[in-house]
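Trainee: Here's the letter readout for the chains.
Protein chains: 2
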Amino acid sequence: MEKEAAVARNRKVVLRGYIDRAPREDDMELVDGGAVALRVPGGAGGPAVLVKNLYLSCDPYMRGRMRDFQGSYIPPFKPGSPLEGFGVGKVIDSTHPGFSAGDFVSGMTGWEDYSLITKPEQLRKIQQSDIPLSYHLGLLGMPGFTAYVGFYEICSPKKGEFVFVSAASGAVGQIVGQLAKLHGCYVVGSAGTNQKVELLKEKLGFDAAFNYKEEPDLTAALKRYFPEGIDIYFENVGGPMLDAVLLNMRIHGRIAVCGMVSQHGVTAPSGIHNLFSLISKRIEMKGFIQSDYLHLFPRFVDDITKHYRDGKIVYVEDMSVGLESGPAAFVGLFSGKNVGKQVVRVSQD
Amino acid sequence: MEKEAAVARNRKVVLRGYIDRAPREDDMELVDGGAVALRVPGGAGGPAVLVKNLYLSCDPYMRGRMRDFQGSYIPPFKPGSPLEGFGVGKVIDSTHPGFSAGDFVSGMTGWEDYSLITKPEQLRKIQQSDIPLSYHLGLLGMPGFTAYVGFYEICSPKKGEFVFVSAASGAVGQIVGQLAKLHGCYVVGSAGTNQKVELLKEKLGFDAAFNYKEEPDLTAALKRYFPEGIDIYFENVGGPMLDAVLLNMRIHGRIAVCGMVSQHGVTAPSGIHNLFSLISKRIEMKGFIQSDYLHLFPRFVDDITKHYRDGKIVYVEDMSVGLESGPAAFVGLFSGKNVGKQVVRVSQD
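The listed protein sequences derive, respectively, from chains A and B.
Counting from 1, one number per residue, gives the positions in the first sequence under the working numbering.
Counting from 350, one number per residue, gives the positions in the second sequence under the working numbering.
Some hints here could point you the wrong way.
Calculated Cβ distances over 12 Å to all of chain A for the following chain B residues [unchecked claim]:
id	residue
1	Ile368
2	Ser430
3	Tyr535
4	Gly588
5	Val606
6	Arg631
7	Asp641
8	Thr654
Listed below are the simulated SDA-like cross-link pairs for lysine to any residue, each with C-alpha atoms no more than 20 Å apart in a straight line [what the hints assert, rightly or not]:
id	chain 1	residue 1	chain 2	residue 2
9	B	Lys474	B	Arg648
10	B	Lys427	B	Gln477
11	A	Lys223	B	Lys661
12	A	Lys90	A	Glu29
13	A	Lys52	A	Asn10
14	B	Lys661	B	Phe649
15	B	Lys572	A	Tyr73
16	A	Lys223	B	Phe649
17	B	Lys427	B	Pro446
18	B	Lys661	B	Lys427
19	B	Lys572	A	Asn10
20	B	Lys572	A	Arg39
21	A	Lys223	B	Asp376
22	B	Lys572	A	Gln70
23	A	Lys223	B	Arg388
No lab work stands behind these hints, which were simulated from the structure alone.
Every residue gets a Cβ at the ideal spot worked out from N, C-alpha and C, and that includes glycine.
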């Protein structure tokens, strides 16, 4: 008779229902998912991997999955089911030849203690090293890759150019700024608190930084920081900041459109009024999604790992402890509560 | 003793003062500039050419030169002085070795009967041919070159792609549409009257066309004409049309931003709300100015001349007769009064 598998209690953070505004904590709910057998069940319909989730990533794009909108590049969450997102976990059991119990992996997982991954081919095995496991959700994960692709592939940077990054202390922005510095650019970042501004200047090596909430006139502020204009804008916020940037771009400037986090939760987002600058300044504005560039992922990991080990790049995380802290951590993204990349630690091992 | 030069009366259309709204006829004034000697005056400070203006071009960008704004790619007009714009003229006298009396030329000139061109190197000599002289302001001039550069260099078109052109019967749009058809694309145009819509379908060879003023929901209209979405949008108007297009673009679509004529005259232009589509659809949106691509001009002239002679391309002009008709013709651009490229005929020889 087969040995009985160990069981564990599985908690889940589920979406209560679709929303069409900024997310609130009570849009999500921590529920007891009952006991889960700690092995891949029979008849899983193909190889699968049971993962114990260690770290979950809070990313702004997830807000789009809380809407009942099928037309996006990624389908909406299912109400009553756990949220999904990038995570780092430990393999408990596997029927896929590429993974064994004890492996650490990163990839799409559920907001719960244990997840059965039925498409294990999307998981990446993590080679354990001196790099913290949670960094595979940030520096070496989707945000880091977004920064890498956006900066090198979309911005076409040249040494000496003037680079502006909004939401600069965030998961993506802090890497863009550091890559731009390593590339020989002059880099200014904006953020929403003085603490973040200090972080940008003191720890992340930005040439200058400012608190956009203390600037009554963003156009004038940018003029002050970029008297000769902006060559590259890494767009993370949208709204009035984008309008102010458009008026301060240099001829043949480039705008990489990565996120518009300030606009995610707004039903009637403020319109952009200064697109005529695209013509007079011959600006290229390009949206991108990192997953279109996965062929560059290995090079990205090599480059960034080397920079990290050489002490040329650092990463700031905001770690929230416990699955139950997930909803508040996620909601905090949209008011800029997080300082650095927001991660939820579900378990330490 | 030197022979006395013949003289002629020189009328001018001058700007009365700077404006910050849509132009009106009475912002300009026809004044009698007195008698002008029909030769290049001595002491002109270098070689110069005296030109009799035959045709003047009415172009939307000129509205930007009526504002007191120095930050553009071209300086404002001077109040009390004649407007400037592209024109076709006949050389009356020349002290520049490249031009002789009787030559036909195109280039920047004044809104007046006779202009002294002090930078004759910017003039292009026209080889007389079967092509109407006025076409050097449209099909073979700046609008045609704008269409050529915008379509081939900015839009990166592929055979079979879905192309949408706004202001499609205008100076630029009608050429974009015809080039796109020659390239094997499916082409739809929008215009503001049923007469123009007929023109697009019957004379200019668009696959379909619609009157945007009769569409209460532009997003739905575009969905009807492009059930599979738009690959290429040649942007001539801005405003609500751009917002509707953004929602109807296909993944990896391209938007060439050429003009935003509907926004030129508006003090508080309507904001653009749907730029988040740039990310989800990975859209490239690029502003351009034809003068950045002048190295392609000879190829453009060869290509378009061949298409014209082969009967593969036609051109629709709206000819207004007499310098005195210039202000009304120019103002008409902003309400879409012109059908085809708006030209003012100052003189026939």
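Trainee: So which hints don't hold here, by number, going up?
Mentor: 4, 5, 6, 7, 10, 11, 12, 16, 17, 18, 19, 20, 21, 23
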